[in-house]
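Trainee: Sequence:
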Amino acid sequence: QLEAARETIKDSTALVPVSASKKAAAQAVDETMLVWREERWDAGRKVIIAFYGETTKEDIMQYSHNFRIRVSDHATLNVLATRDVHEDDLEPTLFQKGLTDLLSATKTEELCKEVVGWVALRTHGDEVLGIDLDPSR
Numbered sequence: 001q002l003e004a005a006r007e008t009i010k011d012s013t014a015l016v017p018v019s020a021s022k023k024a025a026a027q028a029v030d031e032t033m034l035v036w037r038e039e040r041w042d043a044g045r046k047v048i049i050a051f052y053g054e055t056t057k058e059d060i061m062q063y064s065h066n067f068r069i070r071v072s073d074h075a076t077l078n079v080l081a082t083r084d085v086h087e088d089d090l091e092p093t094l095f096q097k098g099l100t101d102l103l104s105a106t107k108t109e110e111l112c113k114e115v116v117g118w119v120a121l122r123t124h125g126d127e128v129l130g131i132d133l134d135p136s137r
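Counting with our numbering, you get residues 1 to 137 for the letters of the sequence shown.
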């Protein structure tokens, strides 16, 4: 059961199995697209949370805001989890907080500074299963 959980990612409706090649593609990032980076402790380990301003070619056509969030272990630099985020993931919470102005193309860095605070690792014991966005953090 844990093995099956390791090979899944969470989308907005269900847990979807991911093949090894798709998982590798989801972790791939263009380092030149780095928008924001922060180090902190999460789930008992020091991590690097990085926001990249690009996800997939399909997303670029569909969404105005495309971020790939990658969380890596600070000591080993191993990627622990990745998650793609778009404006439809962010708008409801930003609206509730009165921060919809952060969706402006000129406020990308400020948006990342806000959202990085929502990032929480989903774990099972020592295993990292994914990234959740928890605005109450």
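FYI, nobody ran anything at the bench for these hints, they're computed from the structure. Check the hints yourself; a few may be wrong.
[Stated by the list, open to error] With a straight-line cut-off of 20 Å between C-alpha atoms, the simulated SDA-like cross-links for lysine to any residue are: (1) K113 / S64; (2) K46 / D132; (3) K57 / N78; (4) K107 / H86; (5) K97 / E110; (6) K57 / E39; (7) K113 / D132; (8) K113 / K57; (9) K113 / E39; (10) K97 / I48; (11) K97 / L133; (12) K57 / E87; (13) K107 / V35; (14) K107 / D84; (15) K113 / L103.
[To be verified] Cβ pair distances, simulated, as ranges: (16) E127 / Q62: 16 to 24 Å; (17) K97 / S64: 25 to 33 Å; (18) T56 / G98: 27 to 35 Å; (19) T56 / L133: 13 to 21 Å; (20) K57 / G125: 35 to 43 Å; (21) P135 / M61: 35 to 43 Å; (22) G98 / M61: 17 to 25 Å; (23) E110 / Q62: 22 to 30 Å; (24) T106 / D126: 35 to 43 Å; (25) S104 / R45: 30 to 38 Å; (26) S64 / E127: 33 to 41 Å; (27) E39 / D134: 16 to 24 Å.
Yeah, the Cβ is synthetic: ideal placement off N, Cα and C, and Gly gets one too.
Trainee: Is K107 close enough to D84, meaning Cα to Cα at most 20 Å?
Mentor: holds (19 Å)
Trainee: Does the beta carbon distance between T56 and G98 stay inside 27 to 35 Å, or does it fall outside?
Mentor: holds (31 Å)
Trainee: Are E127 and Q62 spaced within 16 to 24 Å by their CB atoms?
Mentor: violated (32 Å)
Trainee: What's the verdict on K113 and L103, does the C-alpha distance respect the 20 Å limit or exceed it?
Mentor: holds (12 Å)
Trainee: With the threshold set at 20 Å, check whether the alpha-carbon distance from K97 to I48 stays at or below it.
Mentor: violated (26 Å)
Trainee: Taken at face value, is the distance from the CA of H86 to the CA of K107 at most 20 Å?
Mentor: holds (15 Å)
Trainee: Lying within 22 to 30 Å: is that true of the beta-carbon distance E110 to Q62?
Mentor: With Cβ atoms ~23 Å apart, the hint holds.
Trainee: Would the pair K113 and D132 pass a check requiring their Cα atoms to be no farther apart than 20 Å?
Mentor: Holds, at roughly 16 Å.
Trainee: Mind checking the alpha carbons of K107 and V35 for me, to see if they're no more than 20 Å apart?
Mentor: Holds, at about 11 Å.
Trainee: In this structure, is the beta-carbon distance linking E39 and D134 contained in 16 to 24 Å?
Mentor: At roughly 19 Å between Cβ atoms, D134 and E39 fall inside 16 to 24 Å, so the hint holds.
Trainee: Decide if the proposed pair is consistent with the structure: K57 and E39, CA atoms, cutoff 20 Å inclusive.
Mentor: Violated, because 28 Å separates the two Cα atoms, which is more than 20 Å.
Trainee: Can the suggested window of 13 to 21 Å be confirmed for the beta-carbon pair T56 and L133?
Mentor: holds (19 Å)
Hints 3, 6, 8, 10, 16, 17, 21, 22 from the list above are not met by this structure, while the remaining hints are.
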